[in-house]
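*Asks:* Work the whole structure out from these sequences, hints included.
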Amino acid sequence: MTAEARLIVEQLPAPDENLAELLKELSTTCKLDAYSCRQLLLGQGLALLTQGPADQLHEIRQTLVDYAVQGYVLTPTRLVFAPFILNRLEIRATELCLMGREKQLVIPRKSRLLILLSDLSGQLAERNLSLILSAHRYRGTTGNSGLEQEKIERIILQGRPVLDIYLLDKKGFPQAAARAFPGKFDHHGLGERATLSTSQNLLKLAELAREYAEDCRVDMHFGLSPLPGASLTVGKENDLDVLKKNLRNLTRYAWLQADIDRLRAQDTPASDPEDLMAPTASLLATTLPDQITNQSQPQATVDQPASTGKANRTAERSPKKNLPTPPDVQHHKVWTSPRAIIGIVLMVLVGLITHFGTRNGWLAPLAVKAFSSGLISGLLTISFLIGGFRLLTLKRLIENTPTSKIRSIAMGLVEIRGTARRQYALVSPMTQIACIYYRLTRYKRNHRNNWVISSITSSGHVPFWVEDDTGRVSVNPDQARVKADHRQESFEEGTVAFGGFSSTDEKWVEEMIYDGALIYVLGEARVKKSPRPDRRQRRAEALRRIKQDPHQRAHYDTNADGRLDENEWQTARDDVDEQLLHEDLAASSRRKTQDELVEIGKPRQRGVPFVIAETATEARLTRRYGLSITLLFATAASCGALTLWLLLTH
Amino acid sequence: MTGWIVLGVLVLIIALVVLYVIVIYNGFVAMKNGIDRDWSNIDVMLKQRYDELPKLIKVCEGYMQHEKQTLEAVIKARADVGKASGENQKMAAQNALSETLKSLFMVTERYPELKADKGFRQLANRITELEDQIADRRELVNAAVTIYNTRLDQFPDMIVARLFNFTPRGLWKINPAHRQDVDVNFSPG
Chain Z
-8 MTAEARLIVE QLPAPDENLA ELLKELSTTC KLDAYSCRQL LLGQGLALLT
42 QGPADQLHEI RQTLVDYAVQ GYVLTPTRLV FAPFILNRLE IRATELCLMG
92 REKQLVIPRK SRLLILLSDL SGQLAERNLS LILSAHRYRG TTGNSGLEQE
142 KIERIILQGR PVLDIYLLDK KGFPQAAARA FPGKFDHHGL GERATLSTSQ
192 NLLKLAELAR EYAEDCRVDM HFGLSPLPGA SLTVGKENDL DVLKKNLRNL
242 TRYAWLQADI DRLRAQDTPA SDPEDLMAPT ASLLATTLPD QITNQSQPQA
292 TVDQPASTGK ANRTAERSPK KNLPTPPDVQ HHKVWTSPRA IIGIVLMVLV
342 GLITHFGTRN GWLAPLAVKA FSSGLISGLL TISFLIGGFR LLTLKRLIEN
392 TPTSKIRSIA MGLVEIRGTA RRQYALVSPM TQIACIYYRL TRYKRNHRNN
442 WVISSITSSG HVPFWVEDDT GRVSVNPDQA RVKADHRQES FEEGTVAFGG
492 FSSTDEKWVE EMIYDGALIY VLGEARVKKS PRPDRRQRRA EALRRIKQDP
542 HQRAHYDTNA DGRLDENEWQ TARDDVDEQL LHEDLAASSR RKTQDELVEI
592 GKPRQRGVPF VIAETATEAR LTRRYGLSIT LLFATAASCG ALTLWLLLTH
Chain B
6 MTGWIVLGVL VLIIALVVLY VIVIYNGFVA MKNGIDRDWS NIDVMLKQRY
56 DELPKLIKVC EGYMQHEKQT LEAVIKARAD VGKASGENQK MAAQNALSET
106 LKSLFMVTER YPELKADKGF RQLANRITEL EDQIADRREL VNAAVTIYNT
156 RLDQFPDMIV ARLFNFTPRG LWKINPAHRQ DVDVNFSPG
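Residue numbers (this note's numbering), protein chains in the order written: chain Z, -8 to 641; chain B, 6 to 194.
Do not take every clue at face value.
Simulated DEER-style distance windows between Cβ atoms [stated by the list, open to error]:
id	chain 1	residue 1	chain 2	residue 2	range
1	B	Gly13	Z	Thr621	22 to 32 Å
2	B	Val14	Z	Ala355	24 to 34 Å
3	Z	Pro44	B	Gly87	51 to 61 Å
4	B	Pro59	Z	Thr66	55 to 65 Å
With a straight-line Cα cutoff of 30 Å, these simulated BS3-like cross-link-like pairs (lysine-lysine) come out [unchecked claim]:
id	chain 1	residue 1	chain 2	residue 2
5	B	Lys123	Z	Lys396
6	B	Lys63	B	Lys52
7	Z	Lys474	B	Lys37
In short, the hints are calculated from the structure, not lab data.
Cβ atoms here follow ideal geometry from the backbone N, Cα and C, with glycine treated the same way.
*Replies:* Structure follows, in structure tokens:
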């Protein structure tokens, strides 16, 4: 039995001319999903491409090496220890002594070190993701060189930095390690190097350790690399569970880096240890800058905490079997939908009234009159009530519909819950993450500095599977009311707005449901339309082929006069009919499975909802609707009270 | 003027209450019809099973010369399903048919040639598949009935239910014999 191993690749900062060929090779020979592979091969750092038996992975690795992509097949070393927390340090002539409460790490001169400077706040991952999004959106996918090293270091120091120092033995195995948090160790041990900034002291400590090392590699990419069990989770600032988890993952990440360093050393023919430990461009192993400047820039607050979570999910995923390319995405302008047409008509009416009303001077008195008479608040009350009742009806319908098991769904309105799986190799356009549904909305600023929707692109026409313990069924999300949990914004300059302010005139909002998410579907189950053309069409097509093919024509031209007379045509028609009959009989002898026969889509009956929601439980979904209903009714009550007051006072 | 306003407010409140009652009432109607539909959907599956049985019996007859009793029991149970009238009688007949089928599949264990027959395997798989689906749909009916009955007892739905005479529905009930422990005996003979 072969052991389960992992194939980790050094990502390419930008696609090169060989990438398309490599993806094709991976897709055809290695049966990996080209879209997911592309996503994992591009970026900064390391990525888990796939896992499985080691011998198979070595074959895939060879393919990668042929296309100048570095890959490593490894079974991660079991963690023997975690770094201790540094309390104080002592500089000695021949060694550097890092001390914790009970343990100590002695770094002698000419030792071998692995230093990790990491950010636990998620800002680094966030900024990197924003840059990638910007690259995808504004420059295509080329030229994505990622964040510069100095910028990375600055972001780490502005976030929640932590410094890990690992002492490695001659073979590259970790011997001992210390972990330093800013302000948590006695900085006087740094001597003249000590500064007033706690985070700068971390850098000084790293510099000091480097001085004692003969070979030293510094890694600052924790959280950027999609590596399983070694990724960063973003939670609330004081969430201890998240912090513990991140520190555990950071330790795993360090051990994995040590594993990869050893493999890299084996791959490199150079015997010079300097060469072996030299940072490679794609790994982004860097040396710390000698001149460290004081960073006095204010800490940026990023308004998209979910994005790192996405990166984490990506980390847990390996490319699956080859999926077909999705059908072309529908680009539709918002004004083509009936709602938008009504909206435009209303806007034109309001515009006309405003224009003529302002010119003739009757608009302001009319508006005052409408408001003071309670007409406007009355209309608002009715609108909110209608909205509230519509949502209430939907909520009760969801609550009142029992959940069916997929293998036994009956035709008609059904409710199912399960895991969403891709039918096609669909990836989100901005974040390039494997998903089953996305909606990309483009906003532009108008002259009043408000964001206005300019276009919407969605994957509403791309069906996906929903699986439960009993089977799977196809879902066609066209015209569904989709509630996606994950949302990502991107601005023109590639930076997420700080404090909600951005000077750009365009923004993109991507909502998506990941491949593998738990989802809820309420829709109509019906027999899937067969993609196979009916018999009449196939007959016509077969006869057309005979007409166009000289060999076939000659076959039926029994009197060899160069043309097919009525009798000869009849023979051809009879042959075609017989052939089609055989085909149909062969097809009907095999029973179709549920996933081939049934699909869930928008109910044909008007007013019956079609809901797709990313949610773990139905209760969570109905609770959300309940909150919205409460809000709508409360607003309606407020508007109603205002109307009443206006009516009574005026 | 104030009188009109008070009247307007009262009308609005009454309208809201009526709308709420309509939402609840429509919900009950939809649930009631949904339960009926779910029962009918079970009937569809039972009919499919009923139609598949003659083929299965025919295949079995060729091999099971010494198991006439079992086969006859299946044939009789199937005929009883065809004759049954009324919901309870139909349910009892279907349960009896399920029992005889179980016995039939147990007996087939003694006939390796029969088990190796491709046609038998296909039919047996098909019937097992149908049995699974029937079980799922019975669970669905029970889920739908439970939701409906819970609504009937909840406030304010119970007021609407009593006002419009919505009555509780029965759950699918198991044959009491199936609640007993299975006697497993591994001793020879």
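*Asks:* Please check whether Pro44(Z) and Gly87(B) have a Cβ separation lying inside 51 to 61 Å.
*Replies:* holds (56 Å)
*Asks:* Within 30 Å, alpha carbon to alpha carbon, are Lys474(Z) and Lys37(B)?
*Replies:* With Cα atoms ~29 Å apart, Lys474(Z) and Lys37(B) stay inside 30 Å; holds.
*Asks:* In this structure, is the beta-carbon distance linking Pro59(B) and Thr66(Z) contained in 55 to 65 Å?
*Replies:* holds (58 Å)
*Asks:* Below or equal to 30 Å on CA atoms is what counts here, so check Lys123(B) against Lys396(Z).
*Replies:* holds (29 Å)
*Asks:* Range hint 24 to 34 Å: satisfied by the CB atoms of Val14(B) and Ala355(Z)?
*Replies:* holds (30 Å)
*Asks:* Quick check on a hinted range of 22 to 32 Å for Gly13(B) and Thr621(Z), using CB atoms only.
*Replies:* The hint (22 to 32 Å, Cβ to Cβ) holds, given that Gly13(B) and Thr621(Z) are roughly 25 Å apart.
*Asks:* Against the 30 Å threshold, does the CA-CA distance of Lys63(B) and Lys52(B) hold or violate the hint?
*Replies:* Judged against 30 Å, a Cα distance of about 18 Å means the pair holds.
The structure meets every hint from the earlier list without exception.
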